[in-house]
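**Student:** The whole structure should be built from the sequences, with the hints applied where relevant.
Throughout the sequence shown, residue numbering follows this note's numbering, covering 1 to 447 in sequence.
Treat the hints as calculated values from the structure; they're not laboratory data. Please read these numbers as outputs of a predicted model, since none were measured by experiment. You may find that some hints are simply not true.
Ranges of calculated distance between the beta carbons of each label pair, as one might list FRET restraints [what the hints assert, rightly or not]:
1) G244 - G264: 30 to 38 Å
2) V10 - A346: 31 to 39 Å
3) L349 - A278: 38 to 46 Å
4) E61 - A170: 48 to 56 Å
5) A170 - L349: 43 to 51 Å
6) I347 - L198: 29 to 37 Å
7) I26 - L353: 17 to 25 Å
8) N90 - W381: 39 to 47 Å
9) W381 - M273: 27 to 35 Å
10) L363 - A91: 42 to 50 Å
11) R9 - R422: 18 to 26 Å
12) R214 - A346: 45 to 53 Å
Quick reminder that beta carbons are idealized off the backbone N, C-alpha and C, glycines included.
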Amino acid sequence: MRDLVANKRVVGLWLILLLAFLLRLIGSNFWQQQAIAEGKLFRLGDSEGYWVLAGHIARGEAYQYGSENASVFRAPLFPIVLAPFASLENAPRAIYYARLLGALLGTVAVWELWLLAKRLGGSSAANWAGIIAAISPAAIGMSVMILSEMLLVPLMLGHLLAWQKACSAAAQRHVIGWSMVAGMMAGLAILARPSWLLFAPFLMTVGLLLGPSRGRHLKIGVMTLVAMSVVMSPWWYRNALVTGKFVPTTLQVGPSLYDGLHPGATGASDEGMAFMQAIVAEQIALNERANPPHDGTLEYRINRRAQHLALEFARSQPVEVLRLAIAKFARTWSLWPDGGELGSTAIRLLISLSTFSVLLLALLGSWGRNVRDTWWIAVCWMPCLYFTLLHMVFVGSIRYREPAVFVLAALAGCAITDLTHRLAGRIRPTYSVPGEHVPASEPSQST
Numbered sequence: 001m002r003d004l005v006a007n008k009r010v011v012g013l014w015l016i017l018l019l020a021f022l023l024r025l026i027g028s029n030f031w032q033q034q035a036i037a038e039g040k041l042f043r044l045g046d047s048e049g050y051w052v053l054a055g056h057i058a059r060g061e062a063y064q065y066g067s068e069n070a071s072v073f074r075a076p077l078f079p080i081v082l083a084p085f086a087s088l089e090n091a092p093r094a095i096y097y098a099r100l101l102g103a104l105l106g107t108v109a110v111w112e113l114w115l116l117a118k119r120l121g122g123s124s125a126a127n128w129a130g131i132i133a134a135i136s137p138a139a140i141g142m143s144v145m146i147l148s149e150m151l152l153v154p155l156m157l158g159h160l161l162a163w164q165k166a167c168s169a170a171a172q173r174h175v176i177g178w179s180m181v182a183g184m185m186a187g188l189a190i191l192a193r194p195s196w197l198l199f200a201p202f203l204m205t206v207g208l209l210l211g212p213s214r215g216r217h218l219k220i221g222v223m224t225l226v227a228m229s230v231v232m233s234p235w236w237y238r239n240a241l242v243t244g245k246f247v248p249t250t251l252q253v254g255p256s257l258y259d260g261l262h263p264g265a266t267g268a269s270d271e272g273m274a275f276m277q278a279i280v281a282e283q284i285a286l287n288e289r290a291n292p293p294h295d296g297t298l299e300y301r302i303n304r305r306a307q308h309l310a311l312e313f314a315r316s317q318p319v320e321v322l323r324l325a326i327a328k329f330a331r332t333w334s335l336w337p338d339g340g341e342l343g344s345t346a347i348r349l350l351i352s353l354s355t356f357s358v359l360l361l362a363l364l365g366s367w368g369r370n371v372r373d374t375w376w377i378a379v380c381w382m383p384c385l386y387f388t389l390l391h392m393v394f395v396g397s398i399r400y401r402e403p404a405v406f407v408l409a410a411l412a413g414c415a416i417t418d419l420t421h422r423l424a425g426r427i428r429p430t431y432s433v434p435g436e437h438v439p440a441s442e443p444s445q446s447t
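**Tutor:** Shown next, in the form of C-alpha cells:
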C-alpha cells in the first residue's frame with residue numbers, strides 16, 4: 001500500500017512538471033512570435049543588454065557593454081548561461097532556444113517549490129503549490145523572457161531549501177554541508193541578480209532576533225556567508241583588476257539608487273536613465289581638473305558620484321524620501337499592472353488575479369499554524385519582505401514582487417489543503433517533516 005501511495009505521488013509530481021513545462025513552452029512561442037511581429041529580437045531593453053554581453057563572451061571579447069566605461073555593467077552569470085546561444089548565427093532561432101532553456105529552468109523552480117511546500121504541509125500541499133506555480137502567468141513570464149529572473153528564481157529557491165535543510169539537520173556534518181550549499185546557491189543567485197546580495201545577512205539577522213535556536217542560526221549564517229564569498233570571489237577579483245577597487249556586484253548600484261532618489265523622482269524607473277548624461281558630463285569635467293591622479297576608473301567614479309548625489313538628496317529631503325517610499329510600495333504591489341510591455345488587458349488581468357489570489361491564500365495558509373511551524377512559515381515570507389523593503393529605496397515595479405510571490409505559492413498550497421480537510425471534516429495535519437530535527441526543541445541553543 002505504501003508503495004502504491006508513493007507511486008501515485010511520483011506520478012502526480014511528474015504530471016505537474018509536465019504541465020509546467022508545456023505551459024512555458026507555449027509561453028516561449030507566444031513571446032517569441034510577439035517580438036517577431038513587432039520586428040524585434042526582444043521586447044524588453046534589459047534582454048538586449050544581457051544578449052550583447054553574452055555575445056562578447058561567446059566571441060572571446062572584453063566583457064563590457066558598449067565601451068570600457070561599462071565593464072562592470074551587469075553581473076556575469078546570466079550572460080555566461082546565454083553565451084552558447086549567442087554564439088549561433090541565426091539570432092531569432094538562438095533566442096528561441098534560450099527561451100526553451102528558460103522553460104526548463106522554470107520547471108525546475110516548480111519542482112523546488114513542490115519540495116518546499118512538501119516540507120511545510122505534506123504531499124497534498126505540495127501538489128496544490130506545484131499546480132499554482134505551474135499555471136501562474138507571472139511565473140511563466142519570468143521563465144520565458146530573457147531576463148535574470150530566469151536564473152534567479154530557481155537559485156533563490158535552492159538557497160531557501162538548503163538553508164531550511166541546514167536548520168533542520170540533526171548531524172553536525174549535515175548542518176555544515178547544507179549551509180555551504182545554501183551559500184553556493186546564494187552566491188550564484190547574486191551573480192545572476194545582484195539584488196539578492198543582502199538576503200543571506202537579512203535572513204541571518206532576523207533569525208538571530210526572532211527565530212528559534214539562535215546559536216544554530218548564527219552558525220549557519222556565518223558558514224553561508226563564507227561559501228557565498230567563495231563563489232563570488234572570482235567576480236570580485238576580476239572587478240578589482242579592472243577598476244582597482246573592490247566592487248561587490250556591479251557599478252550600476254549608484255545609478256540605480258539615484259534613479260529612485262533624485263529631484264523629480266516618481267518611484268518609477270527613468271527608462272534609459274537619461275539623467276545619467278548630466279552626471280557623466282560633470283564627472284568627466286571633474287576628471288580634467290583632477291590632481292592628484294584619479295581614484296579608480298571613470299565608470300567607478302560615475303557610480304560613486306551617482307551614489308553620493310542620491311544619499312545627499314535623501315539626507316536633505318527626508319519627507320520626500322518617505323513619500324517616494326510609499327509611492328514605490330504602491331507601484332510594487334499595484335492591484336493593476338501599469339502596462340508597459342504587457343499591452344494585453346487579458347494578460348494584465350490574469351497577472352493581477354493570480355498574484356493577489358496567491359497572496360490571500362498565503363495569508364490564510366499562515367494563520368493558526370502550530371507554534372513550531374511559525375519560523376518555517378516566516379521564512380516563506382522573507383523574500384516578500386526583503387524585496388519590498390529593497391525597492392522602497394530603489395525603484396518600484398510589479399516585476400520585483402513576482403519572485404517573492406512565487407515562493408508564497410508554497411503557503412497557498414497549504415491553505416488549499418486546509419480548506420479541503422475542513423470541507424471533508426478532517427483534522428488539520430501537523431506540518432513537520434518526519435525524521436527531521438526541529439530547531440525549537442534545542443533549549444541549549446535557544447538563547
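**Student:** Indicate whether the distance between the beta carbons of L349 and A278 respects the range 38 to 46 Å.
**Tutor:** At 40 Å between Cβs, range holds.
**Student:** 45 to 53 Å was suggested as the range; check whether the CB atoms of R214 and A346 agree with it.
**Tutor:** Once the Cβ atoms are compared, 49 Å apart, the range 45 to 53 Å for A346 and R214 holds.
**Student:** CB of N90 to CB of W381, is that within 39 to 47 Å?
**Tutor:** Holds, since N90 and W381 (Cβ atoms, about 44 Å apart) stay within the stated range.
**Student:** Range hint 43 to 51 Å: satisfied by the CB atoms of A170 and L349?
**Tutor:** Holds, at about 48 Å.
**Student:** At the C-beta level, are W381 and M273 separated by a distance inside 27 to 35 Å?
**Tutor:** At 32 Å between Cβs, range holds.
**Student:** Given the hint of 18 to 26 Å, is the C-beta distance from R9 to R422 inside that range or not?
**Tutor:** holds (22 Å)
**Student:** Go ahead and decide if the range 30 to 38 Å is satisfied by the Cβ distance of G244 to G264.
**Tutor:** About 34 Å separates the Cβ atoms of G244 and G264, which means 30 to 38 Å holds.
**Student:** Is the hinted range of 31 to 39 Å satisfied by the C-beta distance from V10 to A346?
**Tutor:** holds (35 Å)
**Student:** Does the Cβ distance between I26 and L353 fall inside 17 to 25 Å?
**Tutor:** Cβ of I26 to Cβ of L353: about 19 Å, so the range 17 to 25 Å holds.
**Student:** Taking 42 to 50 Å as the stated bounds, is the beta-carbon spacing between L363 and A91 within them?
**Tutor:** Hint holds: Cβ distance 44 Å, inside 42 to 50 Å.
**Student:** Can you tell me whether the CB distance of E61 to A170 sits inside 48 to 56 Å?
**Tutor:** holds (50 Å)
**Student:** Do the Cβ positions of I347 and L198 conform to the proposed distance bound of 29 to 37 Å?
**Tutor:** Holds - the Cβ-Cβ distance for I347 and L198, about 32 Å, lies within 29 to 37 Å.
Comparing the model with each earlier hint shows no violations; every hint is respected.
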